[in-house]
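6 protein chains.
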Amino acid sequence: MMFQNENSYDIKEKIKSAPVAILPVGAVEAHGHHLPLGTDNILAEIMAIKLAEKVDSFVLPTLPYGQVWSLRNFPGSITVSNQSIINMIVDIGKSLYQQGFSTFVMLNGHLGNQNALKDAARVLYDTVPELKTFYFFYPGMNKYAGEIRENTASHDVYFHACEIETSYMLYLSPTDVEMDKAVNDIPVIPMDADSTPTPWENFTSSAVLGDATAATAEKGKYILERVIMNMVNILLNTKEDDYDS
Amino acid sequence: MMFQNENSYDIKEKIKSAPVAILPVGAVEAHGHHLPLGTDNILAEIMAIKLAEKVDSFVLPTLPYGQVWSLRNFPGSITVSNQSIINMIVDIGKSLYQQGFSTFVMLNGHLGNQNALKDAARVLYDTVPELKTFYFFYPGMNKYAGEIRENTASHDVYFHACEIETSYMLYLSPTDVEMDKAVNDIPVIPMDADSTPTPWENFTSSAVLGDATAATAEKGKYILERVIMNMVNILLNTKEDDYDS
Amino acid sequence: MMFQNENSYDIKEKIKSAPVAILPVGAVEAHGHHLPLGTDNILAEIMAIKLAEKVDSFVLPTLPYGQVWSLRNFPGSITVSNQSIINMIVDIGKSLYQQGFSTFVMLNGHLGNQNALKDAARVLYDTVPELKTFYFFYPGMNKYAGEIRENTASHDVYFHACEIETSYMLYLSPTDVEMDKAVNDIPVIPMDADSTPTPWENFTSSAVLGDATAATAEKGKYILERVIMNMVNILLNTKEDDYDS
Amino acid sequence: MMFQNENSYDIKEKIKSAPVAILPVGAVEAHGHHLPLGTDNILAEIMAIKLAEKVDSFVLPTLPYGQVWSLRNFPGSITVSNQSIINMIVDIGKSLYQQGFSTFVMLNGHLGNQNALKDAARVLYDTVPELKTFYFFYPGMNKYAGEIRENTASHDVYFHACEIETSYMLYLSPTDVEMDKAVNDIPVIPMDADSTPTPWENFTSSAVLGDATAATAEKGKYILERVIMNMVNILLNTKEDDYDS
Amino acid sequence: MMFQNENSYDIKEKIKSAPVAILPVGAVEAHGHHLPLGTDNILAEIMAIKLAEKVDSFVLPTLPYGQVWSLRNFPGSITVSNQSIINMIVDIGKSLYQQGFSTFVMLNGHLGNQNALKDAARVLYDTVPELKTFYFFYPGMNKYAGEIRENTASHDVYFHACEIETSYMLYLSPTDVEMDKAVNDIPVIPMDADSTPTPWENFTSSAVLGDATAATAEKGKYILERVIMNMVNILLNTKEDDYDS
Amino acid sequence: MMFQNENSYDIKEKIKSAPVAILPVGAVEAHGHHLPLGTDNILAEIMAIKLAEKVDSFVLPTLPYGQVWSLRNFPGSITVSNQSIINMIVDIGKSLYQQGFSTFVMLNGHLGNQNALKDAARVLYDTVPELKTFYFFYPGMNKYAGEIRENTASHDVYFHACEIETSYMLYLSPTDVEMDKAVNDIPVIPMDADSTPTPWENFTSSAVLGDATAATAEKGKYILERVIMNMVNILLNTKEDDYDS
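The listed protein sequences correspond, in order, to chains A, B, C, D, E and F.
Mind the numbering: the first sequence is residues 164 to 408 in this note's numbering, read in order.
Mind the numbering: the second sequence is residues 164 to 408 in this note's numbering, read in order.
Mind the numbering: the third sequence is residues 164 to 408 in this note's numbering, read in order.
Mind the numbering: the fourth sequence is residues 164 to 408 in this note's numbering, read in order.
Mind the numbering: the fifth sequence is residues 164 to 408 in this note's numbering, read in order.
Mind the numbering: the sixth sequence is residues 164 to 408 in this note's numbering, read in order.
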């Protein structure tokens with residue numbers, strides 16, 4: 164299942180029978196006191212494995228650097244440009260197609276990457292149209308989060324190191340969470356944050372956008388099981404009625 | 164108020180007293196039977212004028228070509244790449260800064276441009292940090308649309324040639340609307356539309372995402388007056404409590 | 164005739180019967196006291212309409228930003244790079260070809276754009292060779308201007324806000340001209356202006372290269388009627404003997 | 164020591180006391196029957212940890228995609244362009260510098276990356292000159308390999324899935340080696356391989372450039388202990404006399 | 164005088180006393196039967212030497228590849244893109260500035276290069292403003308050619324392998340001319356050649372734009388002595404009244 | 164044999180019978196007191212002629228600007244970027260292919276160019292695969308130099324203005340060598356020179372990497388005759404057994 168553990172001689176036939184490649188994409192980014200810098204990489208990688216358990220496929224090595232513009236000034240964040248991501252993803256996609264893959268799934272754990280991944284997918288759509296390309300960022304999570312969230316979100320799109328993301332980590336990688344350091348910090352995001360470049364240090368010192376203390380593994384499980392099922396349904400083209408973006 | 168009607172000798176002092184430049188950004192794009200291809204340009208331009216009436220500023224000539232990937236295969240659509248938009252916006256922003264402007268407002272009428280404008284604004288943030296840059300796409304409209312919409316939206320982010328956008332046109336440029344051609348066409352957007360490149364011809368033949376027949380000038384007025392007030396508040400840094408993205 | 168006023172459903176058939184798209188290209192640039200910053204946009208747009216009256220075609224929305232290197236330091240000028248123009252023009256051209264157009268006419272009102280437009284046309288020639296592309300900058304005007312000019316030109320190629328261009332405006336858009344502010348200012352252009360980067364503030368403070376007071380609508384009409392006829396002849400492939408570049 | 168396991172609040176002070184970041188860089192590439200596709204990633208990552216044990220520093224997440232032009236047509240290889248690598252490395256380097264690192268070590272496990280890493284280091288040298296940047300590819304290994312190699316190398320620069328690299332794996336990650344599948348395959352590399360683009364399928368079907376059956380963990384240990392000591396000496400600026408490139 | 168014949172130790176002081184570098188720029192391009200493919204290189208190089216005899220300066224090695232779009236389909240032509248030329252010229256200019264030169268003269272023998280050289284000069288103007296940069300293409304030649312030409316030109320800007328250029332070669336490098344193969348071939352350049360991409364095979368089979376048989380060394384001498392004096396005057400900032408572009 | 168001396172009418176048939184183009188590529192670079200700045204250009208050009216005497220082919224004009232990063236701060240050096248070289252080489256290669264050449268030989272006299280030439284060759288391999296492309300940098304010289312060198316080299320890859328390169332010049336262009344100025348200067352190249360950006364002024368003030376006083380024309384002849392024979396064998400596909408890179 165882990166692509167890089169395969170050898171060159173067996174892999175040719177294996178790709179023929181499971182021509183789906185899953186690329187975890189994350190970032191190194193500040194996630195408060197209680198979560199590690201690699202949170203988005205950890206989540207993307209474990210989610211990819213869970214998806215591969217349900218859809219016959221290979222998990223590629225994680226691309227662990229992402230676009231972290233908003234949090235680039237927080238300690239430990241490493242940011243790369245959208246264009247650098249696009250170029251590398253397009254190269255990988257073309258190479259996968261040459262290797263016989265028919266489906267390329269980017270399983271993204273960092274919202275800041277999503278536009279670059281979408282742009283890369285469109286480039287691949289035009290250059291290797293036979294390759295089906297996906298860029299997943301927790302499909303359907305807004306609905307499920309709304310069903311179980313105890314605190315209102317700071318923002319209708321952003322979620323970060325909060326009740327939700329911490330729950331993901333408690334479910335998928337609990338030993339990487341230090342719940343005793345979790346804080347409840349619901350910042351007031353300024354009115355113009357969606358309309359002008361706004362580094363997050365302008366409105367938060369913790370980089371936590373919510374009540375991390377309310378996180379539980381059960382909440383993480385509730386959302387992510389459904390998210391994974393949505394990915395499965397999309398890839399296998401089934402049960403569309405169950406989905407709500 | 165219209166920048167290109169000014170002459171070179173008066174403008175220098177005028178910029179000093181009103182150093183805010185508003186650039187309408189739109190697109191040429193299919194908008195069903197009942198709306199013209201230039202709908203986004205028309206809306207952006209009139210909105211810019213309305214904003215300039217409330218904030219002392221200049222309206223630049225409209226940049227009328229946008230990123231129309233999703234609808235590029237519909238008759239009459241013209242699409243340019245994100246990168247082409249970014250490059251031109253960055254050039255314009257630098258030039259405005261050289262001319263003495265302190266604030267550059269992109270008033271965007273086409274959702275497909277929004278990522279490019281955001282990227283351009285970030286480039287300007289890093290290269291001419293003294294220039295304050297905004298990229299407005301109907302700030303706050305989701306809330307107001309929710310308050311008066313009679314039909315549910317097809318999608319939580321996209322709206323197009325529908326009850327809402329047609330109402331905008333009925334309010335701002337009624338002679339450009341042929342309501343007798345308006346249709347009620349609420350497509351089922353496939354589950355994977357947010358996760359894989361999805362040309363809109365895959366799910367709609369009309370390019371209308373809703374019930375255009377329910378549009379009224381009053382609805383347009385209700386939303387856009389509030390949207391403009393949000394822009395004004397952001398630019399003048401007032402009444403933040405009133406805003407809901 | 165104005166492309167953006169058409170709707171998506173009628174336009175498909177209309178393009179088939181009139182597959183010629185005219186793109187006015189101008190600039191925002193200092194033009195002395197008596198002419199507005201948008202002079203080149205105004206001229207390009209009206210010329211495009213006049214051409215469309217004679218050749219069955221569509222007028223696209225004006226691309227109003229041009230390469231204004233020489234005058235970029237004059238109040239009100241906005242400059243974009245050659246490369247930004249080339250990229251956007253190439254995108255537009257490819258899109259027009261996809262839409263069924265067979266001829267793409269750039270009607271340019273600003274000399275500084277001409278090299279970029281020529282380069283863009285060559286890119287299109289190689290990438291979509293079935294698309295016939297033109298970049299018109301007042302074809303034949305040197306001959307006609309020579310026939311009626313009362314004052315010698317400052318430069319054999321450049322003309323700007325002078326007897327000639329002011330005459331164009333008096334003919335095409337007289338309400339945009341303030342003749343009482345027109346000046347006679349024939350600068351001595353330094354010997355090396357064609358051989359080294361030379362901002363125009365080096366040799367003129369008015370940005371007028373000639374005797375604007377000598378301008379008349381009749382002169383504008385004399386030249387531009389012939390210029391338009393040259394465009395028509397080129398597009399319809401007729402009366403070649405009448406032309407002198 | 165693993166950077167992504169740190170959290171944002173402790174890391175700021177930690178970087179101050181250990182301002183050295185080590186980036187393992189590898190590739191996904193065919194390595195014969197007996198070694199996995201991720202061999203270069205595995206080697207780079209373990210070497211980075213060993214180096215970090217001797218030099219106070221942080222190990223960044225591995226960049227697992229490399230330039231695999233020569234072997235791109237072998238099953239399982241994934242190749243990205245030099246330019247994609249350069250762009251991403253430069254972004255990472257600038258970000259590390261912003262975070263307070265003074266030294267950026269690229270620990271490269273794949274020869275094909277070396278030119279891109281060198282170019283990236285030169286860009287960083289010019290743009291963030293205060294950042295000291297290194298690109299290590301087994302410094303000194305040629306000498307040590309020569310001392311213990313039982314079979315002559317196929318090529319004076321290339322080594323691949325052979326006695327040497329297999330020995331590295333037997334030393335660092337023995338469970339990833341299937342020695343029963345190791346082969347002795349010393350190809351004749353054509354005379355022009357250094358002078359014209361030469362995909363390796365032209366001269367080998369196994370992608371093994373030597374006698375993998377002669378590999379032992381002891382050989383790997385002999386070379387790599389010395390290689391690591393060379394890295395340490397370079398970083399700490401000690402014992403230069405011991406080095407032979 | 165020839166820069167590449169100098170050695171590194173003497174050159175530092177020599178640059179201080181003669182900080183002017185002349186770069187001949189030419190092309191490999193079809194020039195009819197009677198002139199060699201390297202005509203533009205030969206002319207640029209000899210002109211550079213003649214200029215250096217009058218202005219204390221160094222002649223750099225010739226950049227012998229130019230933009231030959233119009234004649235690229237004629238046997239023997241080699242074309243490179245404008246962007247390739249710009250990039251290389253900008254690199255060279257920056258390097259010359261680092262070396263202590265204060266003036267960079269591009270002595271161009273090929274009209275097709277002129278736009279690229281102008282663009283490169285503008286980039287240098289903005290990035291190393293202390294470097295004075297010139298791009299000479301026979302300054303003033305139109306006036307002098309008009310004074311002695313026996314045949315009218317085919318085009319008001321283009322001249323090629325004709326009475327004029329052949330005269331240049333007869334004056335500067337007569338052994339490279341085969342006058343017995345010279346032809347009189349004055350093509351009718353189509354009306355739209357300045358307005359649409361027009362490969363020259365559309366209107367000439369000889370690649371000669373005029374009456375090469377009318378060429379004489381005296382004519383070449385007449386024009387080029389004046390052209391060189393113009394260059395000298397521009398560089399030394401003297402006798403401006405004598406110049407007519 | 165010299166391509167630029169041919170005319171456009173004869174060349175078409177001549178290319179058919181000798182479809183091999185040799186491009187000398189060099190640099191302007193400090194080479195100590197005793198060798199000129201253009202040493203690499205001189206060597207590349209004479210070597211190209213010698214090769215053309217043995218393989219029916221054409222010698223193109225020399226590309227005389229190279230990547231001189233390491234010595235860019237020495238007096239007289241001119242450096243251009245890898246990317247500038249790649250772009251120009253790719254353009255030239257495509258143009259040669261259009262002209263009917265089947266083989267494109269880059270005969271490189273400057274080690275710093277080699278990576279750029281290799282990259283350009285790979286681009287051409289993918290874009291015009293029918294064109295066979297070579298990038299020669301003294302193939303086999305290490306072996307022959309080892310056989311006759313009297314002094315050990317400073318570095319296993321770099322050689323510069325030393326016993327070897329001076330011998331090349333004494334053999335190929337003795338009048339360009341001032342042996343009375345030759346020095347014996349064998350620097351200690353620091354341990355990290357292959358692992359971090361290292362301008363050569365860090366370890367040498369002469370730019371000579373060896374004992375130039377030991378150079379003789381005989382040594383140059385010994386090596387270069389064999390080097391040329393290697394090139395011939397590669398191009399004619401003969402005597403492979405004789406080669407040792």
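No wet-lab data here; the hints were simulated from the structure.
Do not rely on the hints blindly, as some may be mistaken.
Identical copies carry no separate label here, and so any pair may be met within one copy or between two of them.
[To be verified] Straight-line C-alpha distance at most 30 angstroms; calculated BS3-like pairs for lysine-lysine:
id : residue 1 : residue 2
1  : Lys179    : Lys384
2  : Lys177    : Lys306
3  : Lys295    : Lys344
4  : Lys344    : Lys179
5  : Lys217    : Lys257
6  : Lys175    : Lys257
Alpha-carbon proximity context of Lys175 and Lys257, limit 30 angstroms: Classified as within; 16 angstroms inside a copy, 34 angstroms across copies.
At most 30 angstroms between C-alpha atoms: does Lys177 with Lys306 qualify within a copy, between copies, both, or neither? neither (37 angstroms within a copy, 40 angstroms between copies)
Cα distance capped at 30 angstroms. Does Lys295 pair with Lys344 within a copy, between copies, both, or neither? neither (42 angstroms within a copy, 35 angstroms between copies)
At most 30 angstroms between alpha carbons: which applies to Lys344 and Lys179, within, between, both or neither? between (47 angstroms within a copy, 22 angstroms between copies)
Regarding Lys179 and Lys384, is the shortest C-alpha distance of 30 angstroms or less found within a copy, between copies, in both, or in neither? neither (33 angstroms within a copy, 38 angstroms between copies)
Intra- versus inter-subunit Cα pairing at 30 angstroms for Lys217 with Lys257: within (25 angstroms within a copy, 40 angstroms between copies)
The structure fails to meet hints 1, 2 and 3 from the earlier list, while all remaining hints are met.
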